[in-house]
Amino acid sequence: MRQYLDLLDHVLTHGQEKSDRTGTGTLSVFGHQMRFDLADGFPAMTTKKLHLRSIIGELLWFLRGDTNVRWLQERGISIWDEWADERGDLGPIYGYQWRSWPTPDGRRVDQIAKVIEQIRTNPDSRRLIVSAWNVADVDDMALPPCHTMFQFYVSPPGPDGRRRLSCQLYQRSADIFLGVPFNIASYALLTQMVAQLTDLEPGEFVHTLGDAHLYLNHLDQARLQLTRTPHPLPTMRITPGKTDIDDFDLDDFELVDYVADPGIKAPIAV
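Read in order, the letters of the sequence shown are residues 1 to 270 in this note's numbering.
Rather than coming from a laboratory, the hints here were simulated on the basis of the structure. One or more of the hints may lead you astray.
To be verified - Simulated DEER-style distance windows between Cβ atoms: (1) 140 <-> 12: 31 to 41 Å; (2) 135 <-> 237: 35 to 45 Å; (3) 81 <-> 3: 29 to 39 Å; (4) 159 <-> 136: 42 to 52 Å; (5) 122 <-> 237: 21 to 31 Å; (6) 121 <-> 9: 42 to 52 Å; (7) 23 <-> 85: 14 to 24 Å; (8) 157 <-> 31: 29 to 39 Å; (9) 49 <-> 102: 32 to 42 Å; (10) 30 <-> 85: 10 to 20 Å; (11) 23 <-> 199: 21 to 31 Å.
Unchecked claim - Here are the simulated DSBU-like cross-link-like pairs (lysine-lysine), alpha carbons at most 35 Å apart as the crow flies: (12) 114 <-> 265; (13) 265 <-> 18; (14) 242 <-> 48; (15) 49 <-> 18; (16) 242 <-> 49.
Ideal placement from N, C-alpha and C gives every residue a C-beta, glycine not left out.
Using the sequences provided together with the hints, build the complete structure.
Okay, structure coming up:
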């Protein structure tokens with residue numbers, strides 16, 4: 001994916017050295033956008049192999065409204081273990097905010113169900129937004145949301161009469177080497193799932209980054225990745241016939257023709 005490699009090169013060339021919460025240090029730029037047309041293929045990184053099961057599992061875990069790592073661990077996924085407490089809890093993070101946002105009068109808002117219903121009934125709405133950044137809950141989260149909010153957009157009918165569903169994500173903090181490849185694939189997958197549920201064609205995934213950074217102990221890995229040539233993008237197949245976002249399971253997804261270079265190990269900054 002040339003868009004991602006261009007981001008790596010841009011930060012290596014123009015990034016400013018900056019301190020950070022973890023004490024690792026970063027090269028950072030502020031404000032960057034990438035666009036991925038999902039008609040061109042599924043944007044899974046091909047210049048290093050992704051652990052697809054972790055990406056799909058994490059997204060399904062968010063969509064369950066879950067905030068305990070037990071469900072992930074039972075499926076061999078450990079990407080949230082570093083932040084969980086001794087009971088496996090992470091506080092009111094993504095899944096809680098997406099599916100059970102608390103209101104001052106004691107109600108709960110299922111933002112995911114609501115936005116899907118809005119897409120079906122009022123596709124031209126400019127309010128097709130889901131937010132994970134709940135200011136009242138941020139201090140109780142094990143890790144405040146890096147990918148803070150996303151918005152859907154339904155295009156007018158094209159020459160074939162079909163409308164396309166696009167999604168734009170705003171990510172306040174972007175760990176370019178380890179996190180961003182996961183985020184791209186996760187939100188592209190979410191867009192494809194919601195498009196299928198609402199009888200729309202997948203459109204674009206637009207990824208807008210705030211503080212986009214390479215940790216200083218990821219620079220050699222980024223330079224190595226830049227020496228690699230992208231392969232053709234794969235295709236994501238999703239089991240047809242689903243009618244509800246809660247109907248999906250890990251076995252409902254198949255990434256077809258995924259050819260990728262070997263993974264590149266890098267330490268995670270906690």
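Against the structure, the hints come out as follows:
Here the CB-CB span from residue 140 to residue 12 is close to 36 Å, well matched to the stated 31 to 41 Å. A hinted range of 35 to 45 Å for the beta carbons of residue 135 and residue 237 is consistent with their spacing of about 39 Å. Separated by about 30 Å at the C-beta atoms, residue 81 and residue 3 satisfy the suggested range of 29 to 39 Å. Hint check: residue 159 to residue 136, Cβ distance near 47 Å, so the stated range 42 to 52 Å holds.
One distance hint, 21 to 31 Å for the beta-carbon pair residue 122 and residue 237, holds here, with the actual separation near 29 Å. Distance hint check: the CB atoms of residue 121 and residue 9 are about 43 Å apart, consistent with the given range 42 to 52 Å. Distance hint check for residue 23 and residue 85: the Cβ-Cβ separation is about 21 Å, which falls inside the suggested range of 14 to 24 Å. The hinted window of 29 to 39 Å between residue 157 and residue 31 holds, with their beta carbons roughly 33 Å apart.
Range check, residue 49 to residue 102: about 39 Å between beta-carbon atoms, so the 32 to 42 Å window is met. Between residue 30 and residue 85 the CB atoms are about 32 Å apart, so this pair departs from the stated range of 10 to 20 Å. Checking the proposed 21 to 31 Å range against residue 23 and residue 199 shows it is violated: the Cβ atoms sit about 49 Å from each other. Distance restraint check for residue 114 and residue 265: the Cα-Cα separation of roughly 39 Å exceeds the 35 Å cut-off, and the hinted pair is therefore not satisfied.
This hinted pair checks out: residue 265 and residue 18 have alpha carbons roughly 23 Å apart, not beyond 35 Å. A hinted pair counts as satisfied when its Cα atoms are at most 35 Å apart, and residue 242 with residue 48 qualifies at roughly 31 Å. Between the alpha carbons of residue 49 and residue 18 the distance comes to roughly 29 Å, so the proposed pair stays at or under 35 Å and holds. At roughly 29 Å between alpha-carbon atoms, residue 242 and residue 49 fall within 35 Å of each other, so this suggested pair holds.
Of the numbered hints listed earlier, those contradicted by the structure are 10, 11 and 12.
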